[in-house]
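Visitor: One letter stands for each residue in the lines below.
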Amino acid sequence: VSSTATLEGKGQLKFTSGKWSPHHNCSQLATANDTAIRGWDLRTMSQIYCIENAHGQLVRDLDFNPNRQYYLASCGDDCKVKFWDVRNVQEPVKTLEEHSHWVWSVRYNHSHDQLVLTASSDSRLILSNMVSISSEPFGHLVDDEELSEGEDNHQDVKAKEPLKDSVVSTYEEHEDSVYAAEWSSADPWLFASLSYDGRLVINRVPRALKYRILL
Amino acid sequence: MDGEADGTVGMSEDCGPGRRRRVHGMLKLYYGLNEEGKAAEESESLDPCDINGPHFDPELYLNKLRRECSLAELMDQETCMVKQIRSLDSDMQTLVYENYNKFISATDTIRKMKNDFKKMEDEMDCLSANMAAITEFSASISGTLQDQHTQITKLSGVHTLLRKLQFLFELPARLNKCLELQAYAQAVSSHRRARCVLQQYSHLPSFKGIQDDCHAIMDKLAQELRQKFRDGGSSAKDLSECVELLLQLDEPAEELCDKFLSHARSRLESDLQGLEAEIRPYPSASAVKDASARRLSSTAGAGSLTNNSPKTSTLPSPTSNTDILEFIDRGCNEFVSSLCLVITSYQELFINHAQTGELASKNIPQMANAKLHVFVDDLAAHYFSLVERRIQEEKGVGDNSLLVRALDRFHRRLQAVAKLLPGSTVPNKGTEIVIRAATERVKQYLSALQSFYMDSLTDVRQALATPRLSVAGASVAGGGALLGGPASGRDAPTSLPELLSSLSASILNQIKSVLASVHLFTAKDITFSNKPYFKGEFCSQGVRESLVVSFIKFVCQSSRQFCESAGDKGGSTPPALLLLLSRLCLDYETSTISYILTLTDEQFLVQHHSPVTPVTTLCAEAREAAQKLLNHYVKVQGLIISQMLRKSVETRDWVNTIEPRNVRAVMKRVVEDTTSIDVQVGLLYEEGVRKAHSSDSSKRTFSVYSSSRQQARYAASYTPSAPMDTNLLSNIHKLFSERIDIFSSVEFNKVSVMTGIIKISLKTFLECVRLRTFGRYGLQQIQVDCHYLQMYLWRFVSDENLVHFLLDEIVGSSAHRCLDPAPMEQSVIEVICERGRRQYCLQSRLHLHVIHRRPIMRPNSQAPKHKSSHDTEREFGGTLGAICIPIFLPLTVLFLICVSRSPEASVLQWHPPLPSTDQLWDPLAPVLLLGWVALHALLYLMPLGKV
Chain A
385 VSSTATLEGK GQLKFTSGKW SPHHNCSQLA TANDTAIRGW DLRTMSQIYC IENAHGQLVR
445 DLDFNPNRQY YLASCGDDCK VKFWDVRNVQ EPVKTLEEHS HWVWSVRYNH SHDQLVLTAS
505 SDSRLILSNM VSISSEPFGH LVDDEELSEG EDNHQDVKAK EPLKDSVVST YEEHEDSVYA
565 AEWSSADPWL FASLSYDGRL VINRVPRALK YRILL
Chain B
881 MDGEADGTVG MSEDCGPGRR RRVHGMLKLY YGLNEEGKAA EESESLDPCD INGPHFDPEL
941 YLNKLRRECS LAELMDQETC MVKQIRSLDS DMQTLVYENY NKFISATDTI RKMKNDFKKM
1001 EDEMDCLSAN MAAITEFSAS ISGTLQDQHT QITKLSGVHT LLRKLQFLFE LPARLNKCLE
1061 LQAYAQAVSS HRRARCVLQQ YSHLPSFKGI QDDCHAIMDK LAQELRQKFR DGGSSAKDLS
1121 ECVELLLQLD EPAEELCDKF LSHARSRLES DLQGLEAEIR PYPSASAVKD ASARRLSSTA
1181 GAGSLTNNSP KTSTLPSPTS NTDILEFIDR GCNEFVSSLC LVITSYQELF INHAQTGELA
1241 SKNIPQMANA KLHVFVDDLA AHYFSLVERR IQEEKGVGDN SLLVRALDRF HRRLQAVAKL
1301 LPGSTVPNKG TEIVIRAATE RVKQYLSALQ SFYMDSLTDV RQALATPRLS VAGASVAGGG
1361 ALLGGPASGR DAPTSLPELL SSLSASILNQ IKSVLASVHL FTAKDITFSN KPYFKGEFCS
1421 QGVRESLVVS FIKFVCQSSR QFCESAGDKG GSTPPALLLL LSRLCLDYET STISYILTLT
1481 DEQFLVQHHS PVTPVTTLCA EAREAAQKLL NHYVKVQGLI ISQMLRKSVE TRDWVNTIEP
1541 RNVRAVMKRV VEDTTSIDVQ VGLLYEEGVR KAHSSDSSKR TFSVYSSSRQ QARYAASYTP
1601 SAPMDTNLLS NIHKLFSERI DIFSSVEFNK VSVMTGIIKI SLKTFLECVR LRTFGRYGLQ
1661 QIQVDCHYLQ MYLWRFVSDE NLVHFLLDEI VGSSAHRCLD PAPMEQSVIE VICERGRRQY
1721 CLQSRLHLHV IHRRPIMRPN SQAPKHKSSH DTEREFGGTL GAICIPIFLP LTVLFLICVS
1781 RSPEASVLQW HPPLPSTDQL WDPLAPVLLL GWVALHALLY LMPLGKV
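Quick mapping for you: the protein sequence lines, in order, are chains A and B. The first sequence begins at 385 in my numbering and counts up by one. The second sequence begins at 881 in my numbering and counts up by one.
It should be emphasised that the hints constitute simulated quantities derived from the structure, not laboratory data. Glycine included, C-beta positions come from ideal geometry on N, C-alpha and C. Check before you lean on any hint, since a few could be wrong.
Heads up, simulated DSS-like pairs for lysine-lysine below, C-alpha to C-alpha not over 30 Å straight-line [as the list claims (entries may be wrong)]:
hint, chain 1, residue 1, chain 2, residue 2
1, B, 994, B, 982
2, B, 1044, B, 1088
3, A, 403, B, 1527
4, B, 963, B, 992
5, A, 403, A, 478
6, B, 1411, B, 1309
7, A, 398, B, 1088
8, B, 1433, A, 478
9, B, 1034, B, 1088
Facing chain A, a subset of chain B residues (Cβ under 10 Å, in silico) [to be verified]:
hint, residue
10, 1515
11, 1523
12, 1643
13, 1647
Each pair of labels, with its calculated beta carbon distance range [stated by the list, open to error]:
hint, chain 1, residue 1, chain 2, residue 2, range
14, A, 554, B, 1653, 24 to 34 Å
15, B, 1471, A, 599, 34 to 44 Å
16, A, 592, B, 1382, 53 to 63 Å
With the rest of the complex left out, here is chain A:
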C-alpha cells in the first residue's frame, strides 16, 4: 500500500468493482459504482473519464481489453454487456443482450481479445466472439504478417470469409447463478466458471473456432 489517495469523496455509494488497466504502465484504473464507470489516473490522482449511466442498473464488473488500450467491457444488472471506447463515453461501441438476468462477470481472453466470457445469474456462461471490435479484425493483416510474426494473435487467414460477431456457445452446466468466470493464464483456450451451487466448470474454446482463429 504505497499511496492511499482516497477518491471516494465523489460518490457516496460503494464501489462495486475495480480494475487495473494493463496499459499505460499500469498507471490507470477503472472503478464501477452504481451505474457509472470512472477512470482514474494514479499519477495525478484524478478522474480521467466517467461513463455516467453505463448500465441501466448496477454495474457489476468491468474488464480492459488487453490489446486495445481504450477499450473496456462492462456488465451489469440490466442483463447487458457493453463495450466502451473510453475516448467516447457517450454511447457504447457495442451492446450484447444475451443473458436473461444480471451479468456478474465479464472477461476478455488474454491473447485473443475477440473472445469474451460472460457469467450471469441466469446460470449461464456465454462465450462470445466479438470480431468487429477486437484487435485483430479480419482482413488487414496480410501485409503485417512478417512484421508481427512473433505474436500469435496476428496470424489471420486470407481466404476465409470474415467471422461475424456472434455467440460462440452457451454453457448451461451450472444449476445456479454463475458468479465468476476466468480465463486460464497458461492456456488461452481454457476457461473456468464458478457458480453458487459450488460447481466449478472448466471448458475449452470449441476446436473449430480455435482453428479458425489460429489458422
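For this one, chain A is given, so just place chain B on it according to the hints.
Guide: Chain B in isolation, oriented as in the chain A frame:
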C-alpha cells in the same frame, strides 16, 4: 263480262267512277253469294244441278225440281228465277250502254287531237323561218360594229392605265395623308399595291422619283410604327396590329419576334412582380408603397370618387397574406390569361400568317415557334417558381380544400396553354408542381398526425398524472399515510381503459379526417386527378405508403423509443403509459391497422401497381412494439419492486437483528404494490391462463410440504457431517425443475405480466440475500418474510410453483449464508404472518375491498378459514388471556355476590362474608354447563363446516 267492264272503265276514266263502282259492287254482291256456294259445292262434286256451276245441266235440274218439289214450290221457284233473270238483263243493259257512251267520246277526242297537231306543225315551220332571218341580221350588224368595238376596248385599257398611273403619282401624297391620319393599315395596303409596279419601272426616272418618295414615307411610317411598338403603352390588340403591319412592310420577322416577345415579357413580368409582392410573408415597404401608389392613382383617376378611394386602398394591403386560392386566381387571371393572349396573337402573327402568306423564307414559322417556346418556358418557369414558393408557404393543414381548389384552377388554366402550344413542357411542369404540392401536403399531414399523436400522448401522460394527485390526496386525507401508496397506484388506472379508448378513437378520427382531406386530391371534378400519377402512384405510394403506413410505423417506432430511451433510468415514462401504449399497439395489431388500410384502399381505390407494405408486416411490427412495451413495463415495475427489496436487504444488519416479531413493512409494501399493479394490468389485459392447481387446497398442501421440506433441509445443514446433502438435495431439485428465464418476454395477459414482475422481484431478492450474511434471527426474519410473500403472491402468477421455488431458494440461500441456522417453527411463522395479514387486512380492507373486484375476492373467501384455525386461541389476549378467563371470571362473580350480600355493600371492606355452600351450589348449574358444552360439541360435529 268483268274484262269488258274493265275495258270500258279504262276508256272513260272520268265518267263517274262513283257510279261505276256502285254497279260493279252490286254485281259482285249478286254473284258473290253464288260464287261462294258454288265454291263450296265444287269441292264436293261437279253437281249438274247447281244453277251457278259450270256443269249446269238445265235438263237435269228441271227433272230434279219436278221430281222433288211440289207445285207451289215449283211456282215459287219459277217466279224467283224469272225475277232474277230480269234483273240480270237490266244490269247487262245498263253496262253495255255506259261503255258504249264512253267509247264514242274517246273516238271524238282522238279526232280532235289529230286536227290540233296539224295546226301546230304549220306554226313551227313559220318560226324556224323567222329565226333564220334574225341570225342573218345579227351577223351583218356585228360585222359593221367590229371596228368600233376594238377602239372602245383600247380606250378603256388606256383609261385604266391612266388611273393606275394617277394612283402612282398620287401615292406619296396619299401616304402622307394616311400617315397624318394614322391610318397605317390603309397606307400599308396602298403601298403594297404600288410596290411591284414601282419596282418594275424603277428604271424610268419619274417612277424612280415616286418610288423614292414612297420609300421615304414608308420608312417614316415604319419608324413610327416601331416607335409605337416600342412605347408599349398600347394594348395587345394594337400591338399585334402594329406587328402585322410591320411584317407586311417586310421588316425582318426575327427582330419583330424578339421585340414582340420582349415587350410581352415586360408586361408579363410586371404581372409576376405583382404576384411576387403578394408572396412576401409580411407586407413589406414595397407592398405598402405599391398600395399607396395605387391609392394615389385611384384618387387621381377617380376624381369625384374620393369617397371610395380609402376603401380601395385598404383592400390591397391585406392582399399580402391572401389565401392561396386568391393568389392562384390572380395568377391565372393576370398572368396565365395574358400569356395565352400573347401566345395566340403571336401564333396568329408569326406562324399562321407566315404559313399562308409565305412572307419570307420558309423557316420563319419554325424559328418563331422556337422563340415562342423559349419565351413561354422562361416565363412559366418564373411563374412556377412563384407559385411553388406560395405553395410552400401554405404550411398549415387547416383547409385542404382551398389548396386543392387552387391547384385545380392552376392546373386547369395551364391546360389552356397546353392547347395553344402543343409541344410545350409547361403543362407537364405544372403537373409536376401539383404533384410536388400534393406530396408535400401529404408529408405535412404525416407530420401533423405525428405531432397530434405526440400531443395526445402528452395529454395522456398528464391525465395519468393529475387524477393521481387529486384522488390520492383525497384518499390520503381519508385513510392515513399508508393508504397513499396503493391509492396512487389504483385510482389513476381507473381511467386507463377510458384513456385508451379515447386515445385510439381520437387517433383514428384524426387519420380519417386526414384521409378525407387528402381524398380531395383525387376527387372526380379535379382536373389533375385524371393524371396517371394521381390515379396510381399518389394513391399507393403517396397516401398509403408515405402517409398511412409511415404513421403506423411512426407509432410503433415512438413506442419502441419509449422502451429504449427510458431504458437507462426507467423513471422518465410512467409505467402506466407503457402499459397503455402496449395495449394500443396490440389493438392496432389485431384490428386497427387492417381497418385503416382497408379504409384507405377503399377510399383511394389503390391498385397495387408497385409493391406496397402488406398488412401483415405492419401487424408484426405493431405486435413487436406491443411486446417490447409490455416487456419494458414488466422490467420497470419489476425494477421498482426489486429496488425496494434490495434496499431493504442491503441496508439491514442481518447478523445482529432482533428476533422477528412481525413481517417487515417492506414486504407489505411489496404486496400492496403488486396488488395495485395487478389491478392496473387487469384493467387493460385479459386474465390469461394459469396452471391447473391454484385452488386453496393445493396451496395449503404445498405450503405444508414446502415448510416440512425446508425444515428437513435446515436440519440437515445443522449437522456438519452431511454438508453435501443440502447441495445434493437442492441440485437434484434444480435438475428436475425447469430453468427460469427471469427477464423473458411475456404474453399479452395479466397473469403472464404479473408472473414476469414477480419473477424479477424474487430473483433480485434471492441475489441480494446471497450477498449478505445472516444471524440466527436474520434467517428467521427472512423465513417470515418469505412465508408472507408466499401467502400473497401465489395468486398473481400463472404457476405458483415458481413462486414457491423461488421463495424456497431464498430461504435456502439465507440458510446457507447463516452463521447459526436455527429455523423458526413453522407454526410460529404462520402466527406472525397471520398477525401481519390481519393488520394488512384491516388497513387495506377499507379501500381494497371496494375496488379490487376479482383478486380480493379470493383472499376474502379464505381468510375466515385461516382465522378459525389459528386465531380463536389468540382472541382475548392470546393463550394467557384464555387461561385467565375460566379462573378469574367465576371468582369475580363470587366476589360480587359476596359484596352484594354484605349489609353495607362496600367493595373496600375486604373478606366479605362467604355465603353458605348450599346457597352457592345449585344442581341445575352443572347440568346447564354440560348441556352448553354438549351443544357446542354437537354443532362442531354437524356437517355445517367449521364454526
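Visitor: Each hint should be assessed against the structure and marked as holding or not.
Guide: Each hint, compared with the structure:
1. Using a Cα cut-off of 30 Å, the hinted pair residue 994 of chain B and residue 982 of chain B holds, with the two alpha carbons roughly 19 Å apart.
2. Between residue 1044 of chain B and residue 1088 of chain B, the direct Cα distance comes to roughly 16 Å. Compliance with the 30 Å bound is thereby established for this hinted pair.
3. For the given pair, residue 403 of chain A sits about 26 Å from residue 1527 of chain B by alpha-carbon distance, which is consistent with the 30 Å threshold.
4. Note on residue 963 of chain B and residue 992 of chain B: the hinted pairing is violated, with a Cα-Cα distance of about 45 Å set against a maximum of 30 Å.
5. Restraint check for residue 403 of chain A and residue 478 of chain A: the C-alpha separation of about 20 Å stays at or below 30 Å, so the hint holds.
6. As the CA atoms of residue 1411 of chain B and residue 1309 of chain B are separated by approximately 13 Å, the hinted pair is consistent with the 30 Å bound.
7. As the CA atoms of residue 398 of chain A and residue 1088 of chain B are separated by approximately 121 Å, the hinted pair breaks the 30 Å bound.
8. For the hint pairing residue 1433 of chain B with residue 478 of chain A, the CA-to-CA distance comes to about 26 Å; that is within 30 Å, so the pair holds.
9. For the proposed pair residue 1034 of chain B and residue 1088 of chain B, the alpha carbon gap of about 27 Å is at most 30 Å, so the pair holds.
10. Satisfaction of the interface hint for residue 1515 of chain B is found here, the shortest Cβ-Cβ separation to chain A being roughly 8 Å, below the 10 Å cut-off.
11. With its C-beta approaching chain A no nearer than about 9 Å, residue 1523 of chain B sits inside the 10 Å limit, and its interface hint holds.
12. Interface restraint check for residue 1643 of chain B: the shortest CB-CB distance to chain A comes to about 6 Å, inside 10 Å, so the restraint holds.
13. The interface hint given for residue 1647 of chain B holds, since its Cβ lies 6 Å from the closest Cβ of chain A, which is under the 10 Å cut-off.
14. Between residue 554 of chain A and residue 1653 of chain B the beta carbon distance is about 32 Å. The supplied range of 24 to 34 Å therefore holds.
15. Checking the proposed 34 to 44 Å range against residue 1471 of chain B and residue 599 of chain A shows it is violated: the Cβ atoms sit about 56 Å from each other.
16. Judged by the Cβ atoms, the range 53 to 63 Å given for residue 592 of chain A and residue 1382 of chain B holds: they are separated by roughly 58 Å.
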